[in-house]
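Asks: Each chain, letter by letter, is given below.
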Amino acid sequence: MTDPLALDPVLPVRQRSERPWNDDLPHDERYRHFEEHVIAGGKIEATDWMPDEYRTAVLRFVEMHANSELMGVLPEREWIMRAPTLRRKLALTAKVQDEVGHAQLLYRVAEDLGKPREQMLEDLMAGKTKFHNVFHYPTKSWGDIGIIAWLVDAAAIVAQQALRDSSYAPYARTMQKVCWEESVHIMHGRDVVVTLMNGTPSQRELVQEALNRWWGPLMQMHGPRGDRAKDRDLHWRIKAKTSEELRQEFLTIYVPRLWELGLTVPDPNLKLDESTKTWSYTEPDWDELRSVVTGHGPKSQERLEFRRLNRADTSWVRATVFGLPAVLPPAEPAFV
Amino acid sequence: MTPTVMGSDGPSPTTEIGHTSASGPVLEPYEVFRQEKDGDPMRHGGNVMAPDPELALHYAREMFSRRNESTRLWIVRRADIAILEDADLLNPPLDRSFKKPGGYVMRDKLAAARERAGTAKPAARAESHDRTGGRRQGGAGGTE
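Going down the list, the sequences are from chains A and B. With this note's numbering, letter number 165 in the first sequence gets 155, and the count goes up by one each step, no holes. With this note's numbering, letter number 64 in the second sequence gets 116, and the count goes up by one each step, no holes.
One thing to keep in mind: the hints can contain errors.
Estimated spans, in silico, between C-beta atoms of each pair [said to hold, decoys possible]:
| id | chain 1 | residue 1 | chain 2 | residue 2 | range |
| --- | --- | --- | --- | --- | --- |
| 1 | B | Glu167 | A | Thr254 | 35 to 45 Å |
| 2 | B | Asp92 | A | Ser192 | 51 to 61 Å |
| 3 | B | Thr171 | A | Asp263 | 36 to 46 Å |
Pairs of lysine-lysine, BS3-like flavour, derived with a Cα cap of 30 Å [to be verified]:
| id | chain 1 | residue 1 | chain 2 | residue 2 |
| --- | --- | --- | --- | --- |
| 4 | B | Lys173 | A | Lys105 |
| 5 | A | Lys130 | B | Lys89 |
| 6 | B | Lys152 | A | Lys79 |
| 7 | B | Lys161 | A | Lys130 |
Stretch by stretch, here's where chain A covers chain B in the computed footprint (C-beta under 8 Å, at least three residues) [to be verified]:
| id | stretch |
| --- | --- |
| 8 | 149 to 157 |
| 9 | 163 to 172 |
It is worth saying that the hints were derived from the structure and are not from the lab. Yeah, the Cβ is synthetic: ideal placement off N, Cα and C, and Gly gets one too.
Please model the complete structure; the sequences and the hints are all you need to start from.
Replies: See the structure below:
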């Protein structure tokens, strides 16, 4: 027979109250307990109580990540039909599918924090929320596809690996799956690059030209150096590393791999200080970063417009799912 | 009445439907998922038989956290679980190697590229993002 008192509290009230989600405390005290909990490495679940400031900070972070996954497939999608072999086409299609899948997972995480997915998509298309700088640029050659899959995904995974320790547990767990899939994308990208580097002089030139164009955006991607003490996302342990730590990690792993292939990194000031193990480099163009992520990149508006048209085009699918009368798209769809 | 607790892990035909007796309530299986520590995923722990969700909760607590071994339990009616185990859908017999690290073997290509460029192999690094699935592997080099 189950003890009828089994679910009764064992600890006295004060001790139980040290869990931040207990609701028998005044707000400020509860906030303080919550803060101590996350700073000590404690985890938060979607159903736990959390201060609005924390909820908003996680939501903003995850929403931006989800937006980036969703918008990030557009530059690569343009090359599916132009992939050089069937196998490359399959791999690229699978990558695009994975990234949209990541967007789905991440919008789900964000949704649990209180913002409906429809609203997030509306805000994205209205330019009210952002996506990563690297997805605002054109893809001009097959070399871009190799550089994006290898280096953009590598720069992303450096950040995402650190997020597996996020204090927001649903996000941290989602990153496990995301990192696992991204690691295959990196191999696909590196394989494309290495194959081209073993090809003709013009193929090698293609890679070098792509690298030259992507290096600036890659160096901007993690954002300007910030003050660790003032970073609220670090304070809450939503993320674990600063922008500069991520950039250094990226350079440490990938610059030697670019050099190995005989590629030139287009920054004459790029240098590793062997004693401190830190890289020095030309200051990235932060004005360009700010301008690009606020919707003024070379492809920002075109890609958002694609999303708008695509959304209108597929509205009948959503209507059907919700059992609403569907308005069918015109006979000639804008996009196939 | 003594609670009936199933010993098996998965659905079995004999216990699929709760049993009735003239005097007792209808029992049905509830699957229990437990989180071992803060931040862990919920993992299947086992199941209990109960006449209603509330008792299922009590039984689950007795069975799966009586030594403080769980920080959280999820208790779900087995009948509410949708199961997909069709191999044609989950493991279709197609070549999907391009989706897996093993589909990209670069050792020879990298050696050829190095030879042409006249460069040396970079020092192996403990931290690498490919093949290892993003996890650190002590001593594993950064090459394929």
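Asks: Confirm or reject each hint.
Replies: How the hints compare with the structure:
no.: 1; hint: Glu167/B x Thr254/A: 35 to 45 Å; result: violated, 18 Å
no.: 2; hint: Asp92/B x Ser192/A: 51 to 61 Å; result: holds, 52 Å
no.: 3; hint: Thr171/B x Asp263/A: 36 to 46 Å; result: violated, 21 Å
no.: 4; hint: Lys173/B x Lys105/A; result: violated, 49 Å
no.: 5; hint: Lys130/A x Lys89/B; result: violated, 48 Å
no.: 6; hint: Lys152/B x Lys79/A; result: holds, 15 Å
no.: 7; hint: Lys161/B x Lys130/A; result: holds, 25 Å
no.: 8; hint: 149 to 157; result: holds (count 6)
no.: 9; hint: 163 to 172; result: holds (count 8)
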